[in-house]
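*Asks:* Listed below, chain by chain, are the residues.
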Amino acid sequence: MQLLLAINWSNALMVVWAGFTIVIIILCLLVLLLLLFNKILTYSAGKHQPAKQVLQPQPEPVKTDTVSVNNDNSQSNDIAAISAALYLYFAEVHDGESNVLTIQRTGDDSAWNAKIFGLNNTL
Amino acid sequence: MKNKSLFLVLLLLCTGFCTNLSAQNAPSDTVSTVQVSQNDVTEQSEAMDKNISIADTLKKFVSTMGFATMTWKTVVMLLVAFLLLYLAIVKGFEPLLLLPIAFGMLLTNIPLAGMFHSELFADGHVHWDALSQGGGLIDYLYLGVKMGIYPCIIFVGIGAMTDFGPLLANPKSLLLGAAAQLGIFATFIAAIALEFTPAQAASIGIIGGADGPTAIFLTSKLAPELLGPIAVAAYSYMALVPVIQPPIMRLLTTKKERQIKMQQLRAVSRVEKILFPIIVTVIVSLTLPSAAALIGCLMFGNLMRESGVVERLTKTVQNELMNIVTVFLGISVGATTTAETFLNLQTVMILAIGIVAFGMGTAGGVLLAKLLNVFSSRNKINPLIGSAGVSAVPMAARVSQIEGQKADPHNYLLMHAMGPNVAGVIGSAVAAGILLSMMGS
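The listed protein sequences correspond, in order, to chains B and Z.
Those letters in the first sequence? Residues 1 to 123, by the working numbering.
Those letters in the second sequence? Residues 1 to 441, by the working numbering.
Extracted from the complex, chain B is given alone in its bound form (with noise of 0.2 angstroms):
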């Protein structure tokens, strides 16, 4: 087949032909079955807006994953309260530190070289 294709050009072209037409195909399915998907969520999301219309005036938008223009407000303003909540918890979380560390000499045997300091009496 490789050797064939080698010396035969129309063969060649044949699978470039062929290649690129399949490529075309198979992305035109995608393309379909994607706008076909879109429709179908939309119409499965407009069937459930009657329902709600009875409670809000105004039409639910699609869910997303995306923060809505609507929410913004909102949003950041629950982000501020979580955000000053932390902040007062953490507060108080620590005393206030000097931010300066320091070892302290405590004579000749300290929990740093003591050996006794790391036994423990099991028995």
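These are calculated hints, taken from the structure and not from any lab test.
Pairs of lysine to any residue residues, derived as SDA-like cross-links and limited to a Cα-Cα distance of at most 20 angstroms, are as follows:
id	chain 1	residue 1	chain 2	residue 2
1	Z	K380	B	V31
2	B	K47	Z	S269
3	Z	K172	B	L29
4	Z	K172	B	F37
5	Z	K380	B	L35
6	B	K39	Z	I283
7	B	K39	Z	V271
8	Z	K172	B	L33
9	B	K47	Z	R270
10	Z	K172	B	I25
11	Z	K370	B	C28
12	B	K47	Z	V271
13	Z	K172	B	L36
14	Z	K172	B	V31
15	Z	K172	B	I22
16	Z	K172	Z	N373
17	Z	K172	B	L41
18	B	K39	Z	I278
19	B	K39	Z	R270
20	B	K39	Z	A267
21	B	K39	Z	Q263
22	B	K39	Z	I274
23	B	K39	Z	K172
24	B	K39	Z	L265
25	Z	K172	B	T42
Could you slot chain Z onto chain B? The hints should help.
*Replies:* Quick look at chain Z alone, frame taken from chain B:
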């Protein structure tokens, strides 16, 4: 405390001294044995002195040095490796892959170092017996390339990092991604004309897809002997997308077309994003089973990302796994670029055809966008986003954005260009699958 430490130091010194003494004062039978062996050694060394002079030893040492066995080809390859290192480090051209490739090239071209043994993979097969006996680290790392493992793992990572939202918001982008694959098939014809075999021509053509892992995957299957030049060409040209594409884009479009402002993309729901990888995997794999490996890995990564339930896995795939495999892939692909396989007319031709492939791919996307505009009076497409159909993500989309802003500073094309850009990844994987099914054994 000081006394204690001083005592410990003295104790250690005494112990060492006593050990030496005990070795010297060994029992008498041991002494006699040692004396006999010492006599033998003295006799041997005297005999060797007669045979070998210092000059001979030095000559022998010099003959084992890499410098002594260097040829002009080795020097050229080392210079090419230095050039690629320069491009990666100083110019920042695709450094994540160009740097490991360049260093692999450097290692494999050091004479007598024996870093990579191409004979272990001769005739398109892995010679397992020889590999287990004499294979080195790079030989084992190369197995991942040879078996098509690394490109697939990299595709999982790419999927986990890719947002298909812009593509879902504007499904027409898929057509632009398909048109940009024109470069692959046009280059195939050009390579055939230059007397490459069909399998080699297909591997060279895939450079036009501007997708490094796909190029490596297909080449390792169809023409492993061209892996080095094709990988270097693919990644070098991917890095040169901002240089190659703009002149072609400007040549094929008018200023008025470049100023077209596109409609804001719609928001895409999470359900759509989750279902998309599943649908694409099923449709493409059923239509083209040979593309299932690449498309399946790409979509698996994307599903992990969009599902949001395996955040740890997603992060691992996006970072650690992808980085590790990138290092392995780069080093082992670089190691295949020995002087014998790289310095020949074929490599020059591959580099020349590769740039044509990129140009054709760019032109295909731009021209299809113009064609779509002819048929649609409203919702016009800015043809500049067509060039992003080559799947150099996100570089090609950035080029569209930059060129768009040159024509109109208030025109933001980046998100619109991301659609064809990610479609190009799917398109090149599909094209690779088609070529594999047609040319593969």
